[in-house]
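Going by my numbering, 162 is the number at position 162 of the sequence shown; the sequence numbering is gapless.
For the record, the hints were derived by calculation from the structure and aren't laboratory data. As the structure is a computational prediction, the values presented were derived from the model and not from experiment. Quick reminder that beta carbons are idealized off the backbone N, C-alpha and C, glycines included. One should not assume that every hint holds.
Here are the computed distance ranges between Cβ atoms for each label pair [what the hints assert, rightly or not]:
#1 V113 - A384: 43 to 51 Å
#2 A136 - L34: 43 to 51 Å
#3 T132 - L176: 46 to 54 Å
#4 L373 - L101: 52 to 60 Å
#5 V388 - A129: 19 to 27 Å
#6 Q74 - I31: 18 to 26 Å
#7 I318 - H93: 55 to 63 Å
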Amino acid sequence: MSSIEPNTPKRFGKNLLLFLVPVAALFAVIIVFLRTGGAGLRVEPAAPIESLVFEKTTLQRDRIEVHVRNTSPQELRIAQVSVRDAFTQFSVHPGPVIPRLGRAVIGIPYPWVEAEAYGIRLFTGNSVAFDTGIEAATETKSADAGTLWSFTLIGIYVGVIPVFLGIFWFPLLRRLGKRVFLWLMALTVGLLLYLGLDATNEALEAAAGIGGPFQGVGLIGIGITATVLGLYAVARRRPGRGEASGQARIAFMIALGIGLHNLGEGLAIGAAFSVGAASLGTFLVIGFILQNITEGLGIIAPIVKERPSLGTLAGLGILGGAPAIAGTWAGGLVYSPILAVLFLSIGAGAVFEVAWEIARLIRQDSRAGEMPLTIAGGVVSGMALLYVTGLLIK
1 MSSIEPNTPK RFGKNLLLFL VPVAALFAVI IVFLRTGGAG LRVEPAAPIE
51 SLVFEKTTLQ RDRIEVHVRN TSPQELRIAQ VSVRDAFTQF SVHPGPVIPR
101 LGRAVIGIPY PWVEAEAYGI RLFTGNSVAF DTGIEAATET KSADAGTLWS
151 FTLIGIYVGV IPVFLGIFWF PLLRRLGKRV FLWLMALTVG LLLYLGLDAT
201 NEALEAAAGI GGPFQGVGLI GIGITATVLG LYAVARRRPG RGEASGQARI
251 AFMIALGIGL HNLGEGLAIG AAFSVGAASL GTFLVIGFIL QNITEGLGII
301 APIVKERPSL GTLAGLGILG GAPAIAGTWA GGLVYSPILA VLFLSIGAGA
351 VFEVAWEIAR LIRQDSRAGE MPLTIAGGVV SGMALLYVTG LLIK
């Protein structure tokens, strides 16, 4: 019979020592490497390695503010600023020397004209130039009660209303046959797969603008993986007394996944309005309204054969659509490129995991083996449906 030795203080100290010895040796190797100048090579770059990321540009009356982050290996200094190829006065807060990964706001007193385009160039102390631009100048919305309400309305238009309109199809879907119901479940998988791919692509595009040190692809990987594993753990948790189970839990998971995806959509719309791209923001709102009505359809698909209460349907609609409101707030008022990458990757991971859960239910269905073409047609139809509505957005 085997026995487990108790974890006595003496044994704990011995284990701690065995753990710390390799760690100490590792730090010793690093110190030796640094003291010897990188194995004695001491290779210096031919030109300064400097990198500057433009996070956002805001406009107030007769003033332009450029928000930047230093992603260089070392600190850098803002030496000169030009607007439309003409050098101009400027100020830097908190100071012209920006530490590595530090942020600064460059204020430029400039009498800009509504709807005109402007090119801005920053020069560092090493004469390295970095460019950004304003496509159509307009005053940036301030964080007041009126602006907050406007962003709230946009979130309602984009997320809440279309999702609820999709849920209103519930009585009609209850009258459909078994084959149509299976096709509808497969359609939901197609919708979610397309949403996941779209969110991943948008996250990759956003990651390209946050700078090398922040490792955008790695951040996307963390967001997707953590969300998939977190939702997987929630789905596998045994329901307690009074909790929803079966198809109702799947509907809840779909609403949660779509809600996280709509968070990223709201972020994109809010950011478009915040930088003055009102026409782009309006276009995104119309496109997302058309697209999101199909999301409401996907939410109710697993519970078509059940009898959920009106409160349950309302809760699913709020869960799936309301995060768009929070997204517009974040995008319009406190936009951050890093936050955008994280939101989009979380949304992608959520819809991928939920798509897997629904596919697993379809596979367990006794009718699935008899209707392979129905399932394939549903998945492809779901992806094609979002592709067509996406033509209004891209």
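Structure-based check of all given hints:
The beta-carbon spacing between V113 and A384, approximately 45 Å, falls within the hinted interval of 43 to 51 Å. The given range of 43 to 51 Å is respected by A136 and L34, whose C-beta atoms sit roughly 50 Å from each other. Taken as a hint, the range 46 to 54 Å holds for the pair T132 and L176, whose Cβ atoms sit roughly 53 Å apart. Between L373 and L101, the C-beta spacing of about 54 Å keeps the proposed range 52 to 60 Å intact.
Against the hinted window of 19 to 27 Å, the Cβ-Cβ separation of V388 and A129 comes to about 43 Å, which falls outside the hint. In this structure the hint that Q74 and I31 lie 18 to 26 Å apart at CB holds, the actual value being about 21 Å. At about 40 Å, the beta-carbon gap between I318 and H93 misses the expected band of 55 to 63 Å.
In summary, the numbered hints that this structure violates are 5, 7.
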